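Engineer: Listed below, chain by chain, are the residues.
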Amino acid sequence: MATAVKETGDTGIMANKEARQQWLAEQTAKSKEKQVSFINSISSKLGRARPTAAPAHPFRGAPDFWREFEWPIDERAEKFMENFRAVGGHSLRLGSMEEAKQFIVDKAAEMSAKYIIRQNQPELAEMDLEFALSEAKVSVWNSDPEEQWKARAAEADFGVVVVDHAAAYTGSLTVLSSKDKGRSVSLLPTVLMAIIPIERLRTRLGEVLVEFDRAGREQLPAGIHFISGPSRSADIENDLTIGVHGPGVVYAIIVG
Amino acid sequence: MSGATQTNLGTVKERAGLALNNDFLRKAVKFTTERLRTGKEKAAADHGNWDEWRERGRQIRLHTIAHLDYYLNLFVENARANGVHIHFAETAAEAVEISLAIAKQVEARTVVKSKSMVTEELHLNHALESIDVEAIETDLGEYIIQLAGEAPSHIIIPAIHKNRYQIAELLSADAGETLAPDTQILAGFVRRKLREKFLEADIGMTGCNFAIAETGSMVLFENEGNARMVSTVPKTQITLMGMERIIPSFEDLEVMATLLPRSATGQKLTVYMSGISGPRREVDADGPDEMHIIIVDNGRSLQLGDPEFQELLNCIRCGACLNACPVYRHIGGHAYGGTYSGPIGAVLTPALKKNIAEWDDIANASSLCGACYEACPVKIPLHEMLVYLRRRKLEAGRGDKLEAIGMKGFAAVMKNSKRFGAVLKIGKLGQKLVVRDGGIRSKIGPLKGWNSYRVTPSLPSESFREKWPTMEQEIRHGLQEMDPAVKSRMEAIVRERQSGGNGGKGNGGHGHHG
Ligand code: SF4
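Chains as they are written, first to last, in my numbering: chain Z, 1 to 256; chain G, 1 to 514.
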């Protein structure tokens, strides 16, 4: 009986899925057709034929004077921390991953964090927070296909990530999504602990952005996120509120 | 399986609800907030060579719009290659139709939205309700307004007209328990409440600040994190995008990222800037399974090839022109109906509809001062466009007498700095609406969705006034007083506000009205 119900259910879903795929295929066909008239109408309003080759773009990217600009590494770290603090984030520079680990462990104890989620990154695996924080429940992103990962991240007190890039001038972290790096880990927990290996810290935002042009579309992850401080709002009486949707406390830890 | 999915969803919500440690956030955040309140936030506008950046921004926008057919097509091809379903909508009605069709396909019950000007342009919430889909605004201020059943189109700053006691009352009713009128507690409640909504929603709906042609990525700027939520948690993402949002590359995004937040809120960068390139990859454990981008024309292409108005499409919706406009600052913009207000709205609203009759007193006022142009990060000559608009209107024989007088009234007043005092006096009516601590908040028109404010009290410069062509000078000649019709319209705004701040609202339903 139970099996019968299940089978019917599955067939229903299959049929549903098929109908859905068909609908999407129809939409795509419709969209491609419309694309021609939509784009052609732009060309005709612009009063010329549609260009087939890329037009020369002499003003691409930042002005020239800006491209030269770079802070030496120590100043870069200083400026990053200064900017990050100015928007309500916390930032510090430590000598080694071991120190970073100790910092996170101490903070977890101080704030009595009970749920911790971390990205499935080798640097973090090496830290073995799972062992060091035996009091808390430490989950590793996407390490079990059965788990509800978004819920794990939503309940977490701490999210721990190693960032992919950082830019000092705007005080920004950059995190990229992948199988092992959830977008939720830097978004849903109350506190974000972000580790910045110092060699990933650049001066300008453009130094990070240009990498995505270089990599090209096919290499891009689904989500690229720049994070510059704790989530904030001023919607109630124009009073600054921290942690409305994203993490209310963000530690940017420069290592090296 | 569909039953199982529902159980899972229930479980997700249940678990998240159970495990969210409410006190934790409050304690953790207290320290930060206090530090920020007492400490001075670092000034953000200390960025050098501002004019060079503006010029660069202008050039990038000019170039992209001049080749919009090429870049939009490139974007579409690349986004499709990323797995995005692209739709084209020539009109608002078409965009709504497509959104509803997607909602029906995924059997959506709830949609979580992050603030977007385009969805407001389309009045999408209303349409979603008509097919029994709940549309939830997730910006803190917008959520409060939605609870109050008020119409965003009548609100300057979504919730600034409500003090925290009123907000506490609204949210307490929502919570079913009494919440203290403390900003952090109230925001904390909304955080928990909306988290459940994010986790159970079927569709996340966003706007789009920029779309990168070469990679097919869409870019969102925000401070709260709700746009990230909306584009990370639900299974289906729908993004509504004005057809002109394109820039060629990520490199060009650096220029936009330099100009937009600084012009909008004085931030070096918004807290979040996200580039999303398609639905989640097969192996990813979050991000939407399905992603749709609806490319909306709705009057935009009418500006293409029009030498006087094509530059309107360069607008990056920062709202700096609103804050710069001295008249706007004093009378506020909410009474002017359209989605877009202030100087940009004054030009864009009639332009999008190709209906020059749709302009208002602001247009008259703004046309006499170049503050909007000076403030604009992509140097759109709004002040000149206002004159073109005016000229076209007169040519079309629509410049009825009353409006002509209205223009003269503002012209006369603005021309003479002594009389500017009179404007300020009349403006005091407006001050009741918008101004606290001498500055206007930024949740206005294009600024909705930005969270802090900027005060830019730049008065029209002498040289600027002298630049106006003869027609303007003729119109300016004569009137000494503010036109009574204009004045009475302003007074009506104040009365409306004072009678409870919800004049013009519908029958208390959720979502956008008119
Ligand atoms: S027109 Fe106004 S909103 Fe648009 S970019 Fe210029 S200043 Fe910003």
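These aren't lab readings, by the way, just hints derived from the structure by calculation. Since the structure is predicted, the reported quantities are computational estimates derived from the model, not experimental observations. Honestly, I wouldn't trust all of these hints.
[To be verified] A partial selection of chain Z residues facing chain G, derived with a Cβ cut-off under 7 Å:
| id | residue |
| --- | --- |
| 1 | L46 |
| 2 | P63 |
| 3 | L209 |
| 4 | V210 |
| 5 | R214 |
| 6 | R217 |
| 7 | Q219 |
| 8 | I224 |
Here a beta-carbon is modelled for each residue, glycine too, at the ideal position from N, C-alpha and C.
Engineer: Taking the hints in turn, state whether each one holds.
Structural biologist: Here's how the hints hold up against the structure:
no.: 1; hint: L46; in the structure: 6 Å, holds
no.: 2; hint: P63; in the structure: 5 Å, holds
no.: 3; hint: L209; in the structure: 4 Å, holds
no.: 4; hint: V210; in the structure: 5 Å, holds
no.: 5; hint: R214; in the structure: 9 Å, violated
no.: 6; hint: R217; in the structure: 4 Å, holds
no.: 7; hint: Q219; in the structure: 9 Å, violated
no.: 8; hint: I224; in the structure: 4 Å, holds
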